[in-house]
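From first to last, the protein sequence lines are chains A and B.
Residue numbering for the first sequence is 199 to 506, as defined by our numbering.
Residue numbering for the second sequence is 29 to 324, as defined by our numbering.
Any given hint might turn out to be false.
Subject to a maximum C-alpha distance of 27 Å in a straight line, what follows is the list of computed DSS-like cross-link-like pairs (lysine-lysine) [to be verified]: (1) B:K271 / A:K393; (2) B:K33 / B:K43; (3) B:K40 / A:K393.
Just so you know, the hints here were simulated from the structure itself, not pulled from any lab data.
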Amino acid sequence: MKGVSGWSRQRHAIAYWMILPAVAAMLLVHYIPMLWGFYISMHDVNLFTMVDWINAPFIGFQNFIDGFNSATTTGARALKALWNITVYSVVAISAGYVIGLAVAILLNQDFWGRTLMRGLILLPYITPDCVAFNVWKFIFQSRIGLLNRYLVQWNLVSEPPIWLIGPPALWAVTIASIWKGWPFAALILLAALQKIPPELYEAARVDGATAWQQFTMITVPQLRIVSVMLILMSILWNFNAFNQFFIMLGRDPGIAAEVPSTLILREAFTNLKYGIGSALSIVLMLILLVITTVYLYALRGTAGAEEV
Amino acid sequence: MKTRKMRVRSAKKLKRFATYLVVLLVALVVLVPYAWMISGSFKETLELQSSDVTVPGLRPSWIPRGPTLRNYREVNLTVPMLRYFRHSIIISLGTMVAATLLALPAAYALSRFNFRGRGVYTISVLATQMLPGILFLIPYYLIFTTVSRHIGIPLRDTYGGMIFTYTSFALPFSIVMLRSYLNGIPLEIDEQAMIDGCTQLRALWTVIVPLATPGIAAVAIYAFIMAWNEVLFASVLTGRSTKTVAIGIMDYITATGANWGGMMAACIVISIPVLVLFTSMQRYIVEGLIAGATKG
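Based on the sequences and whatever the hints tell you, model everything.
Right under this line is the structure:
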């Protein structure tokens, strides 16, 4: 934590008063509910017990067992949801990063209209999710959609595909999410590119390095720390993805495009099995924790990664 | 010698041409959905319903066949969009004020005081950003209902409850963003004010707040936009009297009919506050985002 080093100890009492309101708000909304979440996951909180859920019967890990029992609808869906979100995340994060990096390098060149383009690429990022994904839903419509219009017109398909039902739905959402997500990567990577001292490239050119060598020997190592952080944030965001699935596919996306957030939401608030919903969301959090730990451990050589 | 120069020049020209080609492609990819949204918002319902990709004469077109403003005029006809709009404005403004007022002292304390627990606190602020929202939605909802029943204060489907919820969502990032802004203001300025006889809090209000106005404005706008866009908690905690635009817009598509024209018009209307606010403070928000993402 770099920055202003701060004043000596005697004035500390006031610092605690200053953070108190923020601490209280976050305790009440984040930390206390989270602890109750562990409690709920161990109790049989459902339609009948929810009125007095604090006194719901204790059932140990039964919710976790039921939640992943592949003989039940929920269990089968939970396993499929974890698989789907992994596929979705891997594709969305890699595509978002590669496109973001390519555009960042492009925007780091000197050309006419560069400032305008830098503003333009922010558009998808700042557009509200509810707007962007509803527009994509419109584009992916089977009979009246823009995509199918060109697919049919250019004879790429004979029958217009139905995008938002069944297995293609996952890809439709992935494409929309990549469109919405890459500008953030581009923004962060462009800022990092601009911090690379130009002397490095000048020296490399004097030594006769090719453009590709300059990219692999200077650009890639210089972007490493930022990339590690960016990809970590992308993993966390994408594994928790909800808005795009809920908006484009509705409350029940179907098993082929089910993801943990939509499954948990339905399990808790439609089927009123709060206990199983809580258990599933705790498993989701633990998976994220493991991924984050492994990821940071694998990259521990990277200076700065531990800082966060 | 001459030919080499020419070759270099033509290679440069080619590179230039390729650059603009790629720029054009990027711009196209970004803009197509917006163009389709705008085009759709001017189409008659009949045109949208009768269009068919398989029939060459009826393919959905970029230019509306009979452009109309009806979707805008009747944006409130089938879906009470203006009411949702009012709900969203109240909740977002409330969140904006509350989050700014809470984030400012916390960020100031993190920036100025080397108090015991500063590191732990910073990590706990950042950790909340990584948790799945759904993880605390279920217990939060159950606590909401229990508290309402025992204390008699309704929290679900009330402005107070929603503002409180969103304020704490906006807080972590607001604090981090504002702290990095305050770190840019030298400590000597506070000390100077205190030598002149100000108390700590007076120094914050009279000297630091005016200097940090751009940072504070960026945080305020971030909080507003966050509340305006939130979907998950709004889908569970809001009801008839607090439904926000982010959820309400889905009412245009029902089991009985899809009013895509109306929805596209509503999409444009609800994007306006976000676009205006973001554009007005673009530089500071972008800087804050980058700082928040990279400095942690």
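Status of the hints after comparison with the structure:
1. As the CA atoms of K271 of chain B and K393 of chain A are separated by approximately 44 Å, the hinted pair breaks the 27 Å bound.
2. Straight-line distance between C-alpha atoms of K33 of chain B and K43 of chain B comes to about 15 Å, which keeps the hinted pair within the 27 Å bound.
3. In summary, the hint linking K40 of chain B to K393 of chain A is supported, as the alpha carbons are separated by about 25 Å, within the 27 Å threshold.
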